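Residue numbers (the UniProt record's numbering), protein chains in the order written: chain X, 1 to 697; chain H, 1 to 697.
A couple of the hints might just be wrong.
Copies of the same chain are indistinguishable here, so a pair counts whether it falls within one copy or spans any two.
Stated by the list, open to error - Here are the simulated lysine-lysine pairs, DSS-like style, with alpha carbons at most 27 Å apart:
(1) Lys624 x Lys135
(2) Lys122 x Lys221
(3) Lys122 x Lys57
(4) Lys551 x Lys12
(5) Lys624 x Lys657
(6) Lys92 x Lys278
(7) Lys657 x Lys551
(8) Lys551 x Lys32
(9) Lys12 x Lys211
(10) Lys161 x Lys12
(11) Lys221 x Lys12
(12) Lys624 x Lys6
Don't read these hints as lab results, they were simulated from the structure. Keep in mind that this is a model prediction, so the values were computed, not measured.
There are 2 protein chains.
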Amino acid sequence: MSLTPKWVQNLKPSGPQGHELLTAERTNSFVKDDEIATFMFSELNLKRDAAILQILKADPAFDKRNNYYAGRIDRIRTALARGKRLQQLSAKHGWSEDEYQVAYDLIGEATPYGLHAGMFTKTLREQCTPEQQAKFLKAAIDYEIIGCYAQTELGHGSNVKGIETTATWVAQSQTFEIHSPYLTASKWWIGSLGKAANHAVVMAQLLIEGKSYGPHLFLVKIRDLSSHQPLPQVYVGDIGPKVGFNTMDNGFLLFDHLQIPHENMLARFANVDPLSGKYYQSPNPSLVYGTMTWVRSNIVLRSGRALARGVTIAVRYCAVRRQFVDRDNAAPDTETQVLDYTMVQHRLFPLLAATFALHFTGKKMIQMYQNHQAAGGKALIIERPTGPEEAPSIVYDANRALAQLHALSCALKALTSTIAGEGLETCRRACGGHGYSAFAGIGAWAADYLPTLTWEGDNYMLTQQVSRYLLKAARQVRKNQHRSENGDAVQLLADYTSHKSTATQSLDFELDDAGLIQAFRHRVGHQTFDLLRRRDQEGASWNSLLVDFWKLSTAYAQYSLVRNFKEALQDATQTGLAQGNIEVLHNLFRLYALSVLSQDFAGFLKSGAYTPNKLVQIEAEMLKLLLSIRPHAVKLVDAWKLSDWQLDSSLGRSDGKVYEDLFHRASVLNPLNLVTFDSNPRSPVLFREWHSQPSKL
Amino acid sequence: MSLTPKWVQNLKPSGPQGHELLTAERTNSFVKDDEIATFMFSELNLKRDAAILQILKADPAFDKRNNYYAGRIDRIRTALARGKRLQQLSAKHGWSEDEYQVAYDLIGEATPYGLHAGMFTKTLREQCTPEQQAKFLKAAIDYEIIGCYAQTELGHGSNVKGIETTATWVAQSQTFEIHSPYLTASKWWIGSLGKAANHAVVMAQLLIEGKSYGPHLFLVKIRDLSSHQPLPQVYVGDIGPKVGFNTMDNGFLLFDHLQIPHENMLARFANVDPLSGKYYQSPNPSLVYGTMTWVRSNIVLRSGRALARGVTIAVRYCAVRRQFVDRDNAAPDTETQVLDYTMVQHRLFPLLAATFALHFTGKKMIQMYQNHQAAGGKALIIERPTGPEEAPSIVYDANRALAQLHALSCALKALTSTIAGEGLETCRRACGGHGYSAFAGIGAWAADYLPTLTWEGDNYMLTQQVSRYLLKAARQVRKNQHRSENGDAVQLLADYTSHKSTATQSLDFELDDAGLIQAFRHRVGHQTFDLLRRRDQEGASWNSLLVDFWKLSTAYAQYSLVRNFKEALQDATQTGLAQGNIEVLHNLFRLYALSVLSQDFAGFLKSGAYTPNKLVQIEAEMLKLLLSIRPHAVKLVDAWKLSDWQLDSSLGRSDGKVYEDLFHRASVLNPLNLVTFDSNPRSPVLFREWHSQPSKL
């Protein structure tokens with residue numbers, strides 16, 4: 001394998017070449033992908049991204065060639081080196097947080113510094129007193145200490161109240177004793193902990209004189225700063241391989257009565273008086289989870305791009321791949337591009353449409369959050385992510401609109417990350433056999449993305465919070481206690497009741513844009529009041545309603561996606577996008593709405609939004625839309641401006657050289673081909689092999 | 001990490017221990033899992049499996065402890081050694097093919113011998129003349145030669161007709177010249193080729209004097225038998241890492257005008273006269289794909305067990321895991337078992353029901369095939385797996401019932417492997433955060449399973465063949481040309497037409513067992529004749545109907561699953577199973593049918609089987625079934641008799657010691673914890689690390 005023979009080097013793929021096919025696709029579409037890209041991302045951001053890409057590509061630390069072959073230890077080693085280099089580049093170029101994030105995304109893998117730069121620093125910024133900030137936050141920003149955020153435990157993930165690690169106030173020495181009383185108290189899944197961190201922000205139950213004051217945060221040194229060995233009374237390590245995300249050193253952490261100074265309790269909102277041992281809280285005690293709405297809004301925004309990676313790869317490959325001859329077509333010897341088959345279009349184009357839907361809604365969420373911040377200043381939503389209904393979950397503070405934002409971010413986080421996670425697998429399968437190759441570039445990416453469906457609120461758990469919000473809003477509407485500034489959901493429910501009281505029979509909305517949005521809106525109203533009746537009047541148990549809560553939350557998010565997509569179309573018109581672009585985006589909007597509608601047609605029927613015979617019309621319209629989108633599919637994925645370097649995919653290459661790239665990676669780059677095994681089962685030993693030298697790459 | 005401190009060794013999980021919880025689950029259920037297991041598998045088979053398990057567990061070659069940590073090269077090395085050992089054990093114990101397969105399944109990973117023992121030997125047996133068998137087949141059975149089956153190419157998977165490798169008859173030397181004219185002609189994805197094989201059965205276009213005779217099979221030596229180096233004119237290697245299945249050496253293979261002897265064309269059904277160069281065929285020329293029905297029936301049978309691995313793990317773990325307090329429950333400090341939440345039941349129990357549905361239908365398929373073989377002898381179905389309608393696909397031979405069997409195996413392969421593949425991911429997610437750990441035991445297994453959805457006929461492609469069959473049958477019914485011996489599908493369609501002509505309005509079947517089965521049966525009839533009208537009367541293009549063909553094939557398979565499940569219940573009653581067992585299995589049957597019904601309620605509506613207001617009733621009934629199945633869930637997965645050794649899962653341990661096992665694998669076994677990295681980004685070098693010694697395991 002060390003030398004590729006001349007005759008192999010000379011081989012070319014048969015038939016029309018991949019680059020010819022993609023060129024034809026691009027020539028035959030009137031879509032202006034650059035214009036759409038600018039509309040989505042802004043010219044400034046696109047230029048910024050391109051500049052950062054050039055810096056990364058030129059740096060040997062980010063050479064991706066061995067990524068798909070390396071084992072776990074090699075990957076962690078390389079990822080840590082990349083993290084260091086990224087930090088150096090960031091300092092050198094004076095990157096902002098946004099720019100650092102762009103670079104992180106382009107590299108495409110987590111580094112063990114990820115949680116240091118993220119949650120650790122963020123928590124210190126929010127939870128430290130000014131004195132603590134001067135000491136701890138500064139050291140973190142300067143990377144003098146490397147940290148992580150240690151909340152989740154082996155036995156408790158979602159339920160923060162159930163955390164078992166204790167921090168006991170020791171009056172005599174004026175210290176806290178951090179301890180793990182059970183195996184299940186072990187911190188677990190903590191990113192950047194397994195290998196990188198020498199400090200951890202630890203969430204522990206505060207105990208003073210035998211009384212528990214609930215979970216609080218403590219900064220704990222866990223490893224020696226120079227030897228990097230764990231401190232005595234600390235047991236720490238990496239939790240082992242995962243489905244994906246294997247460049248991250250998710251870790252475990254146990255304490256044996258470790259004493260830490262009084263000042264290491266993060267004391268901005270709560271503290272223990274060192275002399276009296278008295279516990280006291282600041283006026284705003286429940287800020288602990290204040291940033292979750294922001295975090296979830298970002299997951300929504302990023303879900304579009306996450307899915308677009310898979311859709312870009314699948315659409316391009318299906319335009320290059322030809323298989324079978326469509327029997328109704330003329331030329332009997334010309335195989336059909338796979339993208340021409342309606343079965344493939346039916347699988348891919350609703351996802352193509354979804355990438356735009358997710359992006360526009362993500363932008364909207366970020367904008368709403370920023371508007372709120374600008375207007376409301378410090379007014380923050382309080383959420384304790386506990387499951388059942390009565391737990392303190394949403395405290396309406398000065399600005400009630402944030403309650404709506406919180407619920408929306410929960411509903412959308414749950415739905416959009418599910419769409420992206422499941423959509424990536426659909427894209428992978430649409431690539432046929434080659435989709436299973438690592439070089440497709442979808443499998444590993446999808447595996448890395450999957451934890452998004454579980455972290456920052458499990459996608460099923462979150463839907464309870466959304467439903468709780470909607471039920472409360474519905475109760476207000478029922479009592480005529482709602483106020484218009486309470487946000488769109490309340491308005492939606494109020495509209496539903498007044499609408500409902502005048503309607504006499506099934507509504508059977510139109511399938512035009514306005515009718516579609518009305519139907520989605522109507523369904524949310526119907527589901528909410530149906531659940532309200534079952535809960536409040538029929539006394540159904542909370543547990544018996546969980547499945548319907550999940551359906552309600554999903555419907556609420558779907559309504560939001562459809563409505564925001566439509567609003568983005570109006571923006572596009574006002575921005576003066578080319579008519580062709582608007583037309584195609586409009587088709588994508590309609591396909592997205594209709595595909596959701598057809599998938600849960602039973603739900604829409606139940607709400608009375610449609611009558612059964614509408615389904616035939618919906619399916620016919622969807623088929624038409626697939627055909628109208630087909631000529632523009634490649635240009636539409638081009639509009640996402642995902643670089644080949646970022647995609648790292650044989651199948652998704654923008655130049656269509658799919659087969660050449662697959663072959664190169666399999667033959668020349670593949671280290672397994674440097675080993676020859678003795679495969680004779682009758683040979684006396686089980687292991688016998690010979691190694692050859694790598695060829696020049 | 002080399003020594004676990006005493007204080008860590010002494011830690012226990014908090015609260016009720018996992019083994020206590022699982023013991024309570026088992027005590028509180030009246031299900032007799034051994035009886036169900038015997039009903040499903042027979043006592044003889046269970047004993048056989050247990051005996052083989054003991055042999056494998058005792059053999060150090062099959063020590064699984066490093067599986068989750070090892071990189072690709074290590075895994076291939078170990079898998080090949082295991083393949084050798086398996087072969088030795090098989091010889092020593094005189095295992096039958098079935099017994100060998102049981103061992104293979106228990107080991108739980110593919111070995112590079114897999115395709116030698118499977119497709120290679122099978123093809124030689126079927127395609128060789130007696131003289132060739134004496135020479136080639138004997139050598140293969142004795143492992144004197146190691147082989148693979150090289151059909152798929154870089155550019156062609158499903159479409160066998162499009163294969164580009166050529167075998168040109170050279171009259172002068174009486175040889176065939178095997179050649180790869182294009183890069184896309186490279187054989188690709190060929191199991192056992194990358195590292196293990198020294199021979200390949202190669203499918204190539206036969207060319208004689210410039211004329212093509214289509215794809216034929218040739219036995220080609222590709223590596224030297226002692227040095228194991230590739231022959232000149234052969235370029236062969238491993239195709240690189242994949243999403244899963246990484247213990248298999250899927251390979252590529254290119255030829256540069258390699259000449260092989262005349263006798264190496266597999267000549268049982270076609271040959272070239274060595275003197276005249278004339279091509280001739282045997283009377284039964286199209287046997288090439290004869291075994292596909294058998295292969296697919298086996299995929300159907302195995303899909304139940306494949307899914308059961310995930311369901312077993314998820315159900316057990318959700319019985320051990322407790323999170324949050326159900327608000328309507330009394331004890332405020334006792335967290336609820338996750339399995340008690342209806343949202344979790346809604347995700348897992350339909351899959352639990354599906355494992356049984358798939359198993360019973362798989363057994364039925366195997367039985368039908370064997371009945372046919374016993375009755376019809378050599379009468380085999382002919383299928384060329386080409387896509388479009390007119391391509392020769394099903395040739396009705398002496399026994400027309402096989403056409404039905406073929407269509408059914410296609411429909412069921414597509415649906416059951418999709419259910420298993422997607423269901424495993426649902427199980428993984430139902431395990432929450434820990435489901436993402438490799439130690440959950442689902443991720444890697446699911447990844448290994450996924451190619452089943454693509455190979456032996458892509459799950460979307462196959463549905464065209466099913467629909468083609470049903471459309472043909474419907475045309476016969478329309479013309480009154482059908483005969484009862486044409487099988488159940490024809491009868492179904494005939495019943496539908498006579499039924500339809502008498503019905504005056506929507507049928508609104510009952511939700512009892514008989515009504516459910518009628519509704520499923522009715523829907524198939526409706527969809528078939530609807531498509532017949534669109535194709536034959538309205539002239540819809542084949543391509544425009546692909547999505548509906550897929551839906552039809554799915555509906556046909558669903559009907560079959562539901563009906564066979566019901567028949568299995570009748571068998572269970574006749575066999576005299578305990579009343580409790582029959583009751584629980586009956587609930588599973590109903591849950592399975594109702595969950596399919598509710599998921600495609602729109603489709604059932606469209607067929608007129610139900611009216612919209614039935615949905616509320618269906619959902620209420622499903623909730624009741626979830627609650628009635630809940631107390632027996634652990635016992636029902638126990639009935640699958642999947643050993644801990646096979647599952648290799650921390651979460652799915654039969655003794656419930658989930659947290660102890662996760663911790664042990666993460667801390668003691670995890671090789672990453674023997675490395676300490678310098679994580680200071682300001683240190684002068686990017687790579688710096690220290691290694692420690694492994695602790696005694």
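Which of the numbered hints are not met once you compare them with the structure shown?
1, 3, 4, 5, 6, 7, 8 and 12
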